[in-house]
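So the sequence lines, in the order shown, correspond to chains S and B. Numbering follows my numbering, with no gaps: position 35 of the first sequence is 35. Counting from 1 along the second sequence, just add 413 to a position and that's the residue number in my numbering.
Derived from the structure by calculation, the hints contain no laboratory data. Think of the CB as a built atom: it goes at the ideal place given N, C-alpha and C, for glycine as much as any other residue. Careful: at least some of the hints might be erroneous.
[To be verified] Estimated spans, in silico, between C-beta atoms of each pair:
hint : chain 1 : residue 1 : chain 2 : residue 2 : range
1    : S       : His407    : B       : Arg681    : 23 to 29 Å
2    : B       : His529    : S       : Glu53     : 33 to 39 Å
3    : B       : Arg681    : S       : Ala313    : 35 to 41 Å
4    : S       : Glu53     : B       : Asp807    : 29 to 35 Å
5    : S       : Ala145    : B       : Gly628    : 50 to 56 Å
6    : S       : Arg268    : B       : Arg758    : 22 to 28 Å
7    : S       : Ala16     : B       : Ala771    : 57 to 63 Å
8    : B       : Gly462    : S       : Asp24     : 25 to 31 Å
9    : S       : Arg149    : B       : His820    : 54 to 60 Å
10   : B       : Leu678    : S       : Ala259    : 41 to 47 Å
There are 2 protein chains.
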Amino acid sequence: MPGMTTRRDCAAQDLADPLAGFRDRFALPPEVVYLDGNSLGALPRRTAGRLAELVQTEWGRDLITSWNQHGWIDLPSRVGDKIARLIGAGPGEVVVADSTSVNLFKLLSSALDLQHGRSVVLSDHGNFPTDLYVAHGLIGLRGGAAALRLVEEEQVIEAIDAETAIVMLTHVNYRTGRLHDMAAVTAAAHRHGALVLWDLAHSAGALPVALDMVGADFAVGCGYKYLNGGPGAPAFLFIARRHQAAIRPPLSGWMGHAAPFAFDLDYRPAAGIARNLCGTPAILGLAALEVGVDLMLEADLGALRAKSVALGAGFAALVEQSCPGRFELASPRDPAARGSQISLRHPQGYAIIQALIARGVIADFRAPDIMRFGFAPLYLRHVDIWDAVAQLADIMQSGAWDTPDYHRRTAVT
Amino acid sequence: MPGMTTRRDCAAQDLADPLAGFRDRFALPPEVVYLDGNSLGALPRRTAGRLAELVQTEWGRDLITSWNQHGWIDLPSRVGDKIARLIGAGPGEVVVADSTSVNLFKLLSSALDLQHGRSVVLSDHGNFPTDLYVAHGLIGLRGGAAALRLVEEEQVIEAIDAETAIVMLTHVNYRTGRLHDMAAVTAAAHRHGALVLWDLAHSAGALPVALDMVGADFAVGCGYKYLNGGPGAPAFLFIARRHQAAIRPPLSGWMGHAAPFAFDLDYRPAAGIARNLCGTPAILGLAALEVGVDLMLEADLGALRAKSVALGAGFAALVEQSCPGRFELASPRDPAARGSQISLRHPQGYAIIQALIARGVIADFRAPDIMRFGFAPLYLRHVDIWDAVAQLADIMQSGAWDTPDYHRRTAVT
Chain S
1 MPGMTTRRDC AAQDLADPLA GFRDRFALPP EVVYLDGNSL GALPRRTAGR LAELVQTEWG
61 RDLITSWNQH GWIDLPSRVG DKIARLIGAG PGEVVVADST SVNLFKLLSS ALDLQHGRSV
121 VLSDHGNFPT DLYVAHGLIG LRGGAAALRL VEEEQVIEAI DAETAIVMLT HVNYRTGRLH
181 DMAAVTAAAH RHGALVLWDL AHSAGALPVA LDMVGADFAV GCGYKYLNGG PGAPAFLFIA
241 RRHQAAIRPP LSGWMGHAAP FAFDLDYRPA AGIARNLCGT PAILGLAALE VGVDLMLEAD
301 LGALRAKSVA LGAGFAALVE QSCPGRFELA SPRDPAARGS QISLRHPQGY AIIQALIARG
361 VIADFRAPDI MRFGFAPLYL RHVDIWDAVA QLADIMQSGA WDTPDYHRRT AVT
Chain B
414 MPGMTTRRDC AAQDLADPLA GFRDRFALPP EVVYLDGNSL GALPRRTAGR LAELVQTEWG
474 RDLITSWNQH GWIDLPSRVG DKIARLIGAG PGEVVVADST SVNLFKLLSS ALDLQHGRSV
534 VLSDHGNFPT DLYVAHGLIG LRGGAAALRL VEEEQVIEAI DAETAIVMLT HVNYRTGRLH
594 DMAAVTAAAH RHGALVLWDL AHSAGALPVA LDMVGADFAV GCGYKYLNGG PGAPAFLFIA
654 RRHQAAIRPP LSGWMGHAAP FAFDLDYRPA AGIARNLCGT PAILGLAALE VGVDLMLEAD
714 LGALRAKSVA LGAGFAALVE QSCPGRFELA SPRDPAARGS QISLRHPQGY AIIQALIARG
774 VIADFRAPDI MRFGFAPLYL RHVDIWDAVA QLADIMQSGA WDTPDYHRRT AVT
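Same shape as in the complex, but just chain S (with noise of 0.2 Å):
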């Protein structure tokens, strides 16, 4: 039909692909469309090398002397130095270490150390769970000086006020996608004294941040979902060069000492970023992000955000086309607004889900009725957005999703 987008306009659209080259450099499953790589990134190919190089040479061969020999001590700062070139930062703002979760707790004590005499925590309540919870506990232990407060997304720039100490948000909207002016975040926060702390979960490998352009504060990140470093991989945080010197780590570990091997009894803070290092390194996930980041940083940035705007509106031009009123669009209809996802709302969204990864479309679901689709750009083609959306069409029309099957509720949803 006139008009209509087909999988031949998708296949043609795969052939002018700049970065169609990077999907063989991961070993996806034959058969399988996977718009979760938002959740956990898919594998690349050197990873099984690179982890098999360094368990057999590096720790069953050379055993204890790895760290220095095969340079593990660095590893934190070497994967930071990396991310930091794919989310605007400079060398030495960036370190690899522990989760998301707890270097948001790190960060967020030590810029309310920096914020003293402010008592608010401003966040939205599309925040990511984890981010309130980890707030709430810091406010918590310390003894309730502070409080956190929640907004509504559209209404934090003007809720920033005096008393503001620190925003506190999550870029991308793990539920909708929905992006939050960085740029403009920062710089309301910053005309009122608050500092801001960015967690990049949804955003880092998935479209450029300009961390040091925005003049942002602080922010943590994810290892295993754009960057493709592997299920539970270490996770980052960022601290602009001019804080560093101020912070004083509230998890102070050895590994975040001046001089770890001096085993003082006294704890001194290492110069610069290595001090928001607390236990040993979780060395096999490091090398695995490595391998993720260092594919990550042979695309062009501005190459991967437009396949990725590319990618969600022919998703969500499909979806119109095929299963037209079925659905409502839960991520905002300017692609400038979005990260690399589309969500959909429907009341038996869980139920269709299943289905769809019954017949090897993976994507996920997120209570209480969103559809999530993730686009991962480095290895996801048009046609795999065309094949989605014709299993998602079949399923809606033929009622597939209504199966007893597909109601049970897994563990991880």
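Following the hints, position chain B against chain S.
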């Protein structure tokens, strides 16, 4: 010479060793005598295959569905329950998470909550520095209502009084191997209304521990030493069942929520030990750790301790026989009073250790003058001990340690 131990004597001991079969289960490099399993345990042969399967099949092929399909979500408690069997704890009392330092932070904070009104955290000068750093950081964060008090190791029991909130000790001194009497300290603490937090970094997998029998309250421990979980393996934490319901985790992340995938805005802690999880678990590290723990579970812990004692006593006797008067024994002379290591003091200890490493005898150095020799009973033989001391004697007699190369300090010592 009559009365001298020969290599043949050691070989005879190995023939009679009921644990001898375990050595082949590790991928130890030939020509190396590895006396640093107390710092980084050796590589179990099965680990490489398990990681390859995890990476290629679970992550690569089954992607996000592995959280359910391959039980990733249960790994922290599953491996925790296995570790529980090595340290005298019950099912549901141990969980694997984060690093030892981070876990210590969590438990010390929770213990201070339980001990409201008491202000002293009591530890000793022999504790691992990171434990002291973490305690200092936590106390500062909580507004300084508590204070850290350090005494000599021998004075801990008499220092416990009605002000003592928590006794926080490392079971085996990382420098000297000196063993605290866990039953006596715990009983003394409880008599005064104090709680006890044990760091089992150098005990789990090295000697039998009976947390429940002695009535221990809290413990943390390390996955990468005697449990052979790999570099930077995730750590574990223990909370006696009677305390679990009262715990309010300071690091309140989503994985410790009662319903992580409900994404509620409010934090509601999970039942039992699971609330002490925080961020997404490190799956690569957990899978490798499970292999090490499974292997350890095949061994009889009584036989393990007996062999550890024999190796330590044999080493000390051989040093006395081959290098008389050269070193000061830094470890307790009584095998019952030490863990699975022997430490020797020497002003040139650093260079001597480097000379040993150059000859394939891997031990380590702890400032200012401690040479540490760790005996991992699962894979060490009595002939290894003999060979190590033969090299040590030769280095001392020839002065081979005194070259510039061996005085040059590296990042990790």
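Verification of the supplied hints:
1. S:His407 - B:Arg681: 23 to 29 Å: holds, 24 Å
2. B:His529 - S:Glu53: 33 to 39 Å: violated, 51 Å
3. B:Arg681 - S:Ala313: 35 to 41 Å: holds, 39 Å
4. S:Glu53 - B:Asp807: 29 to 35 Å: Holds, since S:Glu53 and B:Asp807 (Cβ atoms, about 34 Å apart) stay within the stated range.
5. S:Ala145 - B:Gly628: 50 to 56 Å: violated, 37 Å
6. S:Arg268 - B:Arg758: 22 to 28 Å: This hint holds: roughly 25 Å between Cβ atoms.
7. S:Ala16 - B:Ala771: 57 to 63 Å: Given a distance of about 58 Å, which is inside 57 to 63 Å, the answer is holds.
8. B:Gly462 - S:Asp24: 25 to 31 Å: holds, 26 Å
9. S:Arg149 - B:His820: 54 to 60 Å: holds, 58 Å
10. B:Leu678 - S:Ala259: 41 to 47 Å: Holds: the Cβ-Cβ distance is about 43 Å, inside 41 to 47 Å.
The structure fails hints 2 and 5 (numbered hints given earlier, in ascending order).
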